[in-house]
Amino acid sequence: QKEVEQDPGPLSVPEGAIVSLNCTYSNSAFQYFMWYRQYSRKGPELLMYTYSSGNKEDGRFTAQVDKSSKYISLFIRDSQPSDSATYLCAMSPNTNAGKSTFGDGTTLTVKP
Amino acid sequence: EAQVTQNPRYLITVTGKKLTVTCSQNMNHEYMSWYRQDPGLGLRQIYYSMNVEVTDKGDVPEGYKVSRKEKRNFPLILESPSPNQTSLYFCASSSWDRENIQYFGAGTRLSVL
Numbered sequence: 001q002k003e004v005e006q007d008p009g010p011l012s013v014p015e016g017a018i019v020s021l022n023c024t025y026s027n028s029a030f031q032y033f034m035w036y037r038q039y040s041r042k043g044p045e046l047l048m049y050t051y052s053s054g055n056k057e058d059g060r061f062t063a064q065v066d067k068s069s070k071y072i073s074l075f076i077r078d079s080q081p082s083d084s085a086t087y088l089c090a091m092s093p094n095t096n097a098g099k100s101t102f103g104d105g106t107t108l109t110v111k112p
Numbered sequence: 001e002a003q004v005t006q007n008p009r010y011l012i013t014v015t016g017k018k019l020t021v022t023c024s025q026n027m028n029h030e031y032m033s034w035y036r037q038d039p040g041l042g043l044r045q046i047y048y049s050m051n052v053e054v055t056d057k058g059d060v061p062e063g064y065k066v067s068r069k070e071k072r073n074f075p076l077i078l079e080s081p082s083p084n085q086t087s088l089y090f091c092a093s094s095s096w097d098r099e100n101i102q103y104f105g106a107g108t109r110l111s112v113l
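In order, the protein sequence lines correspond to chains Y and S.
Residue 39 in our numbering sits at position 39 of the first sequence; the count goes up by one each step and never skips.
Residue 113 in our numbering sits at position 113 of the second sequence; the count goes up by one each step and never skips.
Simulated from the structure, these hints should not be mistaken for laboratory data.
Remember, it's a predicted structure, so these values are computed and weren't measured experimentally.
All residues carry an ideal CB built from backbone N, CA and C; glycine is no exception.
Be careful, since some hints might not be right.
Which residues of chain S face chain Y? A partial, calculated answer using Cβ under 10 angstroms [what the hints assert, rightly or not]:
no.	residue
1	8
2	39
3	41
4	45
5	48
6	61
7	62
8	63
9	64
10	83
11	98
12	101
13	102
14	103
15	111
Restricting the straight-line Cα-Cα distance to at most 16 angstroms, the calculated cross-link-like pairs of lysine to aspartate or glutamate (EDC-like) are [stated by the list, open to error]:
no.	chain 1	residue 1	chain 2	residue 2
16	Y	2	S	38
17	Y	99	S	70
18	Y	99	S	79
19	Y	99	S	30
Can you make the complete structure from the sequences, with help from the hints?
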């Protein structure tokens with residue numbers, strides 16, 4: 001069983017929809033939680049970064065971490081065609097600097 | 001401009017012919033990593049380096065070598081490439097104080113025939 005499981009998708013939504021992207025994990029040592037966005041033919045770029053449980057908001061994006069359920073989510077409000085990309089969740093234990101475990105990614109398409 | 005530069009972007013080679021993929025970062029980052037990305041398997045770490053001359057194996061190190069002789073460079077070496085190493089490779093770097101925030105290169109698509 002993988003340490004990090006990500007909803008496989010693909011996901012296709014109309015412009016303006018609210019999108020929910022989700023990951024579950026099994027390693028209770030994970031303390032840092034990241035979401036990366038990867039456009040076609042590009043490398044991943046960091047979108048959201050959270051430490052431990054709670055919510056973090058940045059514009060139209062909200063990252064949510066529930067450590068008790070070992071579940072993280074990324075919400076995108078008012079989705080735009082430019083949000084079409086693959087979204088990767090990543091997690092890291094607090095003692096293992098520079099070593100993250102990634103989910104497989106969810107490909108999102110936002111249709112105009 | 002802060003960036004991680006990989007070369008080449010695309011490479012087609014044959015089984016057994018040694019190759020090197022270069023990676024360079026201009027952010028003075030301590031940490032550097034190599035990943036491979038395969039459909040259905042996601043991003044898997046090959047090797048990582050915490051600083052010059054300090055490297056460690058990731059999840060899938062077999063068939064790969066790395067070196068970190070200079071802080072800015074972290075080349076990935078395939079001594080005897082095989083078809084199962086056909087993949088999309090990414091180099092990434094991060095700083096000691098925000099090590100989990102990784103900056104990725106644009107990727108190297110490798111095909112081994």
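Results for each hint:
no.: 1; hint: 8; result: violated, 14 angstroms
no.: 2; hint: 39; result: holds, 9 angstroms
no.: 3; hint: 41; result: holds, 7 angstroms
no.: 4; hint: 45; result: holds, 7 angstroms
no.: 5; hint: 48; result: holds, 5 angstroms
no.: 6; hint: 61; result: violated, 13 angstroms
no.: 7; hint: 62; result: violated, 18 angstroms
no.: 8; hint: 63; result: violated, 20 angstroms
no.: 9; hint: 64; result: violated, 16 angstroms
no.: 10; hint: 83; result: violated, 22 angstroms
no.: 11; hint: 98; result: holds, 8 angstroms
no.: 12; hint: 101; result: holds, 6 angstroms
no.: 13; hint: 102; result: holds, 7 angstroms
no.: 14; hint: 103; result: holds, 8 angstroms
no.: 15; hint: 111; result: violated, 15 angstroms
no.: 16; hint: 2(Y) with 38(S); result: holds, 15 angstroms
no.: 17; hint: 99(Y) with 70(S); result: violated, 20 angstroms
no.: 18; hint: 99(Y) with 79(S); result: violated, 24 angstroms
no.: 19; hint: 99(Y) with 30(S); result: holds, 13 angstroms
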